[in-house]
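Protein chains in written order, with our numbering: chain A, 1 to 92; chain B, 93 to 1048; chain C, 1049 to 1458; chain D, 1459 to 1652.
A hint or two may mislead.
Stated by the list, open to error - Lysine to aspartate or glutamate pairs mimicking DMTMM-like chemistry, simulated, CA-CA at most 20 Å apart:
id: 1; chain 1: B; residue 1: 929; chain 2: A; residue 2: 29
id: 2; chain 1: B; residue 1: 313; chain 2: D; residue 2: 1581
id: 3; chain 1: C; residue 1: 1095; chain 2: C; residue 2: 1428
id: 4; chain 1: C; residue 1: 1181; chain 2: B; residue 2: 279
id: 5; chain 1: B; residue 1: 937; chain 2: A; residue 2: 37
id: 6; chain 1: C; residue 1: 1181; chain 2: B; residue 2: 1025
id: 7; chain 1: B; residue 1: 937; chain 2: A; residue 2: 33
As the list claims (entries may be wrong) - If the Cβ cut is set under 10 Å, some of the chain A residues that face chain D in the computed set are:
id: 8; residue: 6
id: 9; residue: 10
id: 10; residue: 12
id: 11; residue: 16
id: 12; residue: 62
Note that these hints are calculated values from the structure, not bench results. No residue lacks a Cβ here, since even glycine has one placed at the ideal position from N, Cα and C.
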Amino acid sequence: MQLIECPWCGPREEVEFSYGGQAHVPYPDTPGELTDEEWARYVFFRDNTRGRFAERWHHSAGCRRWFNAIRDTATYRFERVYRLDEPRPVTP
Amino acid sequence: MTSPFRTAEGGRIDRATTLEFTFDGQTHTGHPGDTLASALLAAGRHQIATSIALGRPRGVAAAWAEDPGGLVQVEEPFPEPMLLATTVELSDGLVAHGLPGQGRLAEVADSARYDGVHHHVDVLVVGAGPAGLAAALTAARSGARVALVDEQSEAGGSLLGGADRLDDAPAMRWVAAAVAELAAHPEVLHLQRTTAFGSYDDGFVLALERRTDHLGTAAPKQVSRQRVWRLRARSVVVATGAHERPVVFADNDRPGTMLAGAARTFLHRYGVLPGRQAVVFTTNDSAYDAALDLHGAGVRVEAVVDARPAGSPQRREACERAGIPVLPGAVVVGTRGVERVTHALVAPFADGEVGAASPIACDLLLVSGGWNPAVHLFSQARGRLVYDETLGAFLPGEELDGLSVTGAAAGVLDLAGCLVDGQRVARAALSALAVEPAGEDRLPTAPEEVVPAAPLVLWRVPDTSGAEGTTSFVDLQRDATVADIARAVGAGLRSIEHIKRYTTIGTAHDQGKTSGVLTSGITAELLGVPVQDTGTTTFRPPYTPVAFAALAGRDRGRLFDPERVTALHDWHVVAGAVFEDVGQWKRPRYYPRPGEDMAAAVLRECAAARTGVGILDGSTLGKIDVQGPDAAVLLDRLYTNMISSLKVGSVRYGVMCGVDGMVIDDGTVLRLAEDRFLLLTTTGGAAKILDWMEEWAQTEWPDLRVHCTSVTEQWVTFPVVGPRSRDVIGAVFPQVDVSNEAFPFMTWRDTILDGVPVRLARISFSGELAFEVYVNPWYGVAVWERLLEAGRPHGITPYGTETMHVLRAEKGYPIIGQDTDGTVTPHDLGMAWAVSKKKPDFIGKRSFARPANQDPLRKQLVGLLPVDGQTVLPEGSQIVDFLADGRLPPPPVPMLGHVTSSYRSAELARPFALALVKGGRSRIGDTLHVPVDGALVPVEVTGSVLVDPEGARRDG
Amino acid sequence: MSPRTPGADLPEHPDFLWRNPEPKRSYDVVIVGGGGHGLATAHYLAKNHGITNVAVVEKGWLAGGNMARNTTIIRSNYLWDESSAIYEQALKLWEGLEEDLGYPILFSQRGVLNLAHTLQDVRDSVRRVEANKLNGVDAEWLEPDEVRKVCPIVNTSADIRYRVLGATYQPRAGIAKHDYVAWGFARRASEAGIDLIQDCEVTGFATDGNRVTGVRTTRGDIAAGTVALCAAGHTSVLTDMLGIRVPVQSHPLQALVSELLEPVHPTVVMSNAVHVYVSQAHKGELVMGAGVDSYNGYGQRGAFHIIERQMAAAVELFPVFARAHLLRTWAGIVDTSPDASPIVGRTPYDNVYLNCGWGTGGFKATPGIGWALAHTIAHDEPHPNVAPFALDRFVSGALVDEHGAAAVAH
Amino acid sequence: MAELLRTHPLMAWSRAFERLPEPVGITVEPFVATADVRLASVGAAASEALGVDLPTVPNTWVPTGTGRAVWLGPDEWLLSSTTETPEQLEARIRAAVLPLGGSATDVSAQRIGLRLTGARVRDVLAKGCSIDLHPRVFARGSSAQTSLGQAGVVLMALSDAGDDYVVLVRSSFAGYLADWLLDAALEFTTTHDS
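Could you build all of it, start to finish, from the sequences and the hints given here?
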């Protein structure tokens, strides 16, 4: 039960948020031109990093805004949250 | 029954009040302030139960939650399994008995209330002993918001069970003053009888408050029996004290064998003499206090057996003064007695070798092997533990953000040190929170203590009894012994986790509070490795057991999950509707008339809609208002069909797919303006589709100028369905030209009814002429009743979801989630017409081109007509090929698909079904078979539209 | 002396379980992951194929991952043909496993009830029961009064938020004692000469073109003829080292146990709408599981609100549980795949086999997957039971989607 | 025909609310015209068009004279009015914000308001609201979209003493929340232990 920092609402209980998986996986520009394999990569394959992971979160029970976070999947600690219009932070 | 072991005076019990209780069928008395254990000890009873596997007598061995011996079952006031006699507060009328191993649940539901509360503080202090109180006072004096929780019935911690002095007065006077001062701070929450049982991220601590049990049958019914506090603290101070550690020796489980500190507690706190003739076996100085205090209370202390070669030079003199023999360099190697210890077998001990034993008569054998700091909450918060060679225990090995450990829990074992440490830790916590400590923050003065002699770390005494460790108990609750650990090591096990599983040590009610560190030590000794390398098993929540009902709290019965209802709900109830759960919604399934079963009611409702007029409460349909210059662009990307070409005033059916090309929802879209749409989703899909749209709009296409707003509860929706629906709508909304020419199918019109805006739409989910009425729910009941009134001459019939399903199935309209299961594409549903070929892309499009989507044997939605014209195929039935001999082949039998929907049709005067069938559309006209109750029912495959395939009826 | 408590005298473990060898420099087969699947694969490599120059390398202690953390439910009543084939083969092996391993695994075929609370639950349940019957899997649909006969303590009254409308029942399903199972496989493998190497974490792979030549570990480099990855929740950590993309996500899955109680719950009950699954283990403790925590996590711990919700569900369905006590909670790491079915078979490397994505189904599949993976390794050809679960199904779109149909996937 | 009678979801609860003791007061605020407003940026133009300065600090609300303006998100507000009909309010707001690239949606019946007053209402809310409602943190002018029990709510503080709040709840959840509140208030309903 951790607190997650919504970039807008501030820290809220974990239960107010829903998880959106890996961040920075853009929808392909022209899906029709992709091979089946390339398309499958987009549809089904996501990184499953152990450690620092850039991922999407949704403050679903609050302001309903999506945002991104850098979180450690081993410790669960959030290192950074950032808005969708902010670049992925450079992490050491 | 008398209480022969009760002292004449002293203790923190209310001697003026007598409580009566029953244990193992015998009636005893005690006083408020007693626990079941202290009252039984006062009566001279040590044995509480027999052990789980070996059936050996077991008694009270500690004074609180670490007790491995005294398991009881409570029967009155309400059955509760497996509690410790040491933690059950005595109440009048309590009935309990000893438990050999398994508890018993009540046979009826528990009527007590339970609840949970969120609470936020700057500083949470866990434990109201000297360190905790010092910390809480420092924090409170700064003006910070503070919570102090403690598991005992009153504050004081170790001071409750001792005779310490502070400021030249009994230490409990300082405790009382501290409690009073805390009570005077408005921002302090002080809870006793409250056990912090779980420590999580970001200062989140769960604590269980036992609110009414001590009141017995007088407990107020409207107050929760137990409360789970969800404490969120910016800083947590763990001051949970330490558990005394036993030393293992042969037959160390005889009732009357007790931790030394526990005996002190029973004496000082409860006014109970745990025996008359004691032997004290120790490896450290703390047990000398027990020997001297018991001596002072009149107990004959036969010997202090000190395993250290020189014993305690510091304590020798006091013992000599009291006439207590001290045997340095000696150990207890065993005991005699069955239901009660009668002798301690004492032997010389040097360099790990045991000499010849001689018995010393006693009825009380006190043991102390040192102290294990209660690091549970620290470890649960993922703090690293390090083994301390001097203490023979694991200590917090790192600083954690926002959580600090103080006092005995941090290995500080003297009173003055605990006070100073508590204050220090609280000040550090305040400093981290940028809170200024108060100027006046005085600590009481503790008398100077002699520096104790160094303790000896001794896990076990070599077994000279011949039993080879099989009676040297490590975990009394699991009957697990030194021999079991040795066997595990011999079996090839090295990990402490394997040892635990092999021996089951630490898995019982006490979760290894006394046995855990012993096991690590003994295992390390047997393997010849450092204790640090062996480590401990993981400390997991809860610290002490918590009743399921306490965690369920108030989320039970009606409040288990919200019931969502429409504005018409009360009307439906009065009308006698039978309800169906659809997600969280309660929807009328049908409205039986007296004497009708569901089949009869549904046939009647269907006939009304097909031949006259019916009305449905469709308000649960999800509704989303989509606005903005780019609204049509967003919808074109999300629906499989083209939405941007829809004209204002018109309605279009649309399908949405996931990126995998599978249908996720369907519904109608009303174009309200160039830049505004109203989307109707399925009842179950409403929240999911809003989430889906916002996710795409926010995360992928933030450049689109479009906003989505849920308006599900902003509109009630009443489909008025059937050939006479035009008459009804025309009568209620006279300003609207309801003719087919003026108001064609798949269009909508706004009107005003008595000043209230109403929207009408020509949408049909039944194939009949139909109008959907949309209005603000404030006026929902009134408009519904107007429609009923106007429909009365036409026999207007309210119908429920079952009839809705029959009507739509007769038309082959699928229900997403019933006729689909996440593996079905629009093409599979025969809805290629709803998939745009013009749009370059939409969500799901690319997936349609995958190889598996080209398989001609994909399952497709078709109709099924049972050939006998009688059988209603059970929904979910499987469909198989027919064998030449008319029987099924042996398993596995190839399956062609399954029945997704199946009903009796009033219109067709026969049952029919929808089904997903492999290559279904190419099988139209074929006969397939459906196993039903052991028989094979022949079915004819048909197109999915069985009623009015030409669509002649929708315009009336 | 009073009589022993029922269940107190669980069968004892043998005096010897396994050797603790130093790793050799080279093995014909290196199995990465000493959990149930790795150990079962080792056993069947030796038993069925005579392949014993095998190492099982385990980064922690044997069977200390999901094998030690699951709720021990065994059943085979899955919807799709492909799933029911592999789980039913596993169930048949379970039925003979005690004899095969010479170990008292306490396989108790007490049946599993999957409760239906909504009309759609009923449809899905009947669909699964009918499919099971045609696939030769024992399955029945029970009406509420029949549910009550099988498990009298289930709340089948109307006084409940989501009424029990019936249940599927698989009589041959049940539970087993997980440590006993794992240790039975481990002992047999060790006896056969297979090296079980603990505290041995794989830190990398040595490769030569399309072949892996060995594993680098915290206990030194080990050459390998064939490598099988059986690392469950940690699969991605290994495949990342190999540069193989696998569509699994690792999530915490929590479970809990009560104190020992007199027998009260005779079967296994699972519910999706009122989300909980519960059995009463041999010693008398109630063992329960809940939903998967939503986010990726390797921490073997989850959030407490999941436990609280699970307790609410338990008390709702079993009112007599109110004063049972939560004794211990824990979490495993489940590797979930996009279609809730496992991923087994070949990888882009010629001599590396993959076995992952079992989500919540891993324990019950243990002997079945061990059998099939050993066959696959021995013949360098996917066993027919695992062929449908190849990685390339995500490209073709031929998924085995157990989400919608068997929503209770545990 | 007669005028269309209005109903709201909590009519059946009014007696139960009336019976509550003074420290836990619950009254229903039904039939309030409310619009959901979306606007990418607020400035002088928006203020002038709307006649109110929309609050830009997250988790706040301001009175507007005839209603309230509640921050819901970085580009989203709830605007209520006790003097306009729902359609009047939506039309006015929509006309005001459309030129600024905004939008407005009538959500008057989407939620219903409950006014919670009294010395114990903070304790009642704390049974199901994980947000810190201490007046030091959540004083008059504070708002939050969060969960209360298992219902999504918009919560507003109306006093600096922690004894006056408004809870807006989705209409279909209103009965659940009312039951939940009454159950939470039960322990305060009798002053003596009996």
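Hint-by-hint comparison with the structure:
| no. | hint | verdict |
| --- | --- | --- |
| 1 | B:929 - A:29 | holds, 18 Å |
| 2 | B:313 - D:1581 | holds, 19 Å |
| 3 | C:1095 - C:1428 | holds, 17 Å |
| 4 | C:1181 - B:279 | violated, 65 Å |
| 5 | B:937 - A:37 | holds, 15 Å |
| 6 | C:1181 - B:1025 | holds, 11 Å |
| 7 | B:937 - A:33 | holds, 12 Å |
| 8 | 6 | holds, 8 Å |
| 9 | 10 | holds, 7 Å |
| 10 | 12 | holds, 7 Å |
| 11 | 16 | holds, 6 Å |
| 12 | 62 | holds, 5 Å |
Hint 4 from the list above is the single one not met by this structure.
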